[in-house]
Each structure stands twice: as C-alpha cells, then as structure tokens.
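Colleague: If you want the building blocks of each chain, they are given just below.
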Amino acid sequence: MKKLASVVITLAVAVMAAGLAVAGPKAPKALCLHLSAPAMPDHIILSIQPVGGSIRLSEGTIKFYSIHGEYCTDSYSIPLTGTGHMEGNEFHFDLRGTDRGAAWQEAIFNATYDVTTDTSVVLHSPSGSPTYDIVDCDSVIPPFK
Amino acid sequence: MKRAILVALITIGCLVWVVSAQAQVPKQLCLHIGSGDLYIAMAIKAFGSPISFSSGKVKFYEIQGEGTEGTSWALPISGTGRLMGDSFHFSLTGSAVSSGRLNSYHFEGTWNMISNSGTISWSWTIPGELTDDAVGVSLSMSNCKNLSLAE
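So the protein sequences, as listed, match chains B and P.
According to our numbering, the first sequence is numbered sequentially starting from 84.
According to our numbering, the second sequence is numbered sequentially starting from 2.
It is possible that some hints are incorrect.
Unchecked claim - With a Cα cut of at most 20 Å, we get these calculated EDC-like pairs of lysine to aspartate or glutamate:
#	chain 1	residue 1	chain 2	residue 2
1	P	K58	B	D125
2	B	K109	B	E173
3	B	K112	B	E173
4	P	K58	B	D157
5	B	K228	P	D87
6	P	K58	B	D221
7	P	K46	P	D87
8	P	K60	B	E173
9	P	K58	B	D219
10	B	K112	P	E63
11	P	K60	B	D221
12	B	K228	B	E173
13	B	K228	P	E63
14	B	K112	B	D177
No lab work stands behind these hints, which were simulated from the structure alone.
Let the hints inform the model, and build the full structure from the sequences given.
Modeller: The following block contains the structure:
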C-alpha cells in the first residue's frame with residue numbers, strides 16, 4: 084500500500100514538473116507602451132488573452148493570443164486588433180486599426196520582444212520603427228479620445 | 002437585533018450596487034447609420050480584465066457582426082471596442098463581394114451608453130482606391146428583431 088502511494092506521489096510530481104517545463108513564460112495580460120520620447124503623449128494600450136491550447140512544433144511549443152487595444156495620441160485614438168504568439172521567451176505580435184480623425188488613418192505594427200528581459204519594444208510600422216517603453220499601466224494617463 | 006442586522010446588510014448592498022453601477026456595454030447592439038437603409042448588428046463580448054490607469058479603468062471588447070443595407074449585400078464585420086466612462090469607441094472592418102469585385106469597408110464610431118446616441122464614420126474601398134466615405138454620421142438605436150440580413 085505504501086509502495087503504491089509513493090508511486091502515485093512520484094508520478095504526480097513528475098507530471099507537475101513536466102507541466103511547468105512546457106508552460107514557460109506567458110504573454111502579459113495587459114501591455115502599456117509609451118513612445119520613448121517623454122514629451123510625446125503617444126501610448127499603446129493592449130489587452131491580451133490566450134486562444135486555444137499550445138501547439139507543439141519541431142522547435143518547441145507555441146501559444147497564440149488575441150489582442151485588443153488602442154493607440155492614442157493627443158489628437159486621435161485608433162482602436163487596434165491583432166494576434167500574437169509566444170515562442171520561448173519571445174512575444175511576437177501584429178496589430179492593425181483604422182480611425183477617422185481629421186482623415187482616415189491606418190495603424191499597422193509588428194514587433195517581437197523578450198517578455199523576461201526587455202523593457203522596451205521596437206514597433207515596426209510602414210512609416211518607421213519607433214521604440215516604445217514598457218510602462219506600468221497604473222502610472223500612466225493615456226490620452227483616450 | 003435581527004432587524005438591525007438586516008437593515009445594515011440591505012444598506013451595504015445598496016451602497017455596493019450604487020458604487021459599482023456604471024455604463025454597461027450590451028451583448029447585442031444594432032445601430033442605424035444616418036437616415037438611409039444602412040445598419041450594423043453587433044455581438045459584443047468582454048475581452049480580458051479592465052486595465053487600471055491613474056485616470057480610471059478601460060475595458061476592451063471584441064465585436065463580431067454584420068452590416069446590412071436592406072437585403073442587397075452581406076457584409077461580415079469584426080473589430081474591437083473599448084469603454085471608458087460612458088463612451089464606447091469602436092472600429093470595425095469587413096468585406097463584401099459585389100459585381101465580382103471585393104469591396105473593403107472600415108467603420109469607426111463612438112456610442113454613448115447613457116444617452117444612446119453617437120456618430121460613425123465609414124469608408125468603402127476597392128483595392129487601392131477609395132470609392133466613398135462619410136464622416137460623423139449620426140447613429141441611432143435600432144431594434145435587432147426588425148433587421149433582415151442578406152443571405
């Protein structure tokens with residue numbers, strides 16, 4: 084009886100350890116970015132949710148996320164939707180949005196960053212690749228329109 | 002004693018309800034654009050937890066829906082929205098095939114959850130060419146049960 088209990092406990096520990104190993108770093112549930120130019124009001128606010136389970140590929144496990152958010156400046160706000168995935172420590176995402184302010188504006192961003200070490204993100208867009216600092220959402224006042 | 006406890010509990014309950022009462026985004030929202038036959042029907046689902054800022058909380062929503070103009074075309078749309086205070090700001094995109102061509106549509110609008118009023122801008126493009134657009138068109142609430150979608 085004791086032997087059976089020890090086998091069960093050993094198996095449970097092994098399963099938990101394997102689960103933790105597969106889980107790895109996760110994408111953040113919220114990501115607040117501020118353009119790396121303190122005088123500029125540009126913020127990107129993102130809410131991030133996992134979609135489905137993890138997919139095992141030859142090079143490792145990949146997990147997909149759905150993203151909703153907003154890009155806001157002092158003159159307009161562009162609602163954003165997108166997708167992202169975690170592979171290892173890196174979160175790779177794509178965002179798009181359209182807004183009619185003074186004219187129709189389209190935002191397209193693509194970025195990859197290491198969720199365990201990076202404090203800033205380079206957002207590649209058709210008009211350039213600005214750097215955004217990752218900031219504490221509680222401490223910012225995004226200029227939502 | 003029992004009555005005093007009951008009164009206290011009811012008072013606390015009312016206070017909690019009043020404090021937590023704020024504008025809510027409906028699960029279905031059908032809006033009439035302008036005064037013509039253009040409508041959008043939206044199924045709206047909360048997305049994630051609200052994000053707290055020093056200026057307040059913002060909650061994001063995912064939107065799936067359909068645009069309709071009578072029953073002449075079917076326009077599946079999807080997008081995102083966010084609620085801050087009473088204002089729901091949303092953006093939708095979709096496409097429809099007409100005369101063998103793919104037409105793309107963008108909608109961007111705001112809807113006040115308390116006054117049930119808002120405005121919307123929309124654009125209609127065929128690949129590489131802006132065909133038509135409208136800016137700041139008024140929105141009004143529509144009864145979803147009265148809408149017909151194209152097949």
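Colleague: Take the hints in turn and mark each one as holding or not.
Modeller: Results for each hint:
no.	hint	result
1	K58(P) - D125(B)	holds (18 Å)
2	K109(B) - E173(B)	holds (9 Å)
3	K112(B) - E173(B)	holds (15 Å)
4	K58(P) - D157(B)	holds (19 Å)
5	K228(B) - D87(P)	holds (12 Å)
6	K58(P) - D221(B)	holds (9 Å)
7	K46(P) - D87(P)	holds (17 Å)
8	K60(P) - E173(B)	violated (26 Å)
9	K58(P) - D219(B)	holds (14 Å)
10	K112(B) - E63(P)	holds (15 Å)
11	K60(P) - D221(B)	holds (14 Å)
12	K228(B) - E173(B)	violated (31 Å)
13	K228(B) - E63(P)	holds (19 Å)
14	K112(B) - D177(B)	holds (16 Å)
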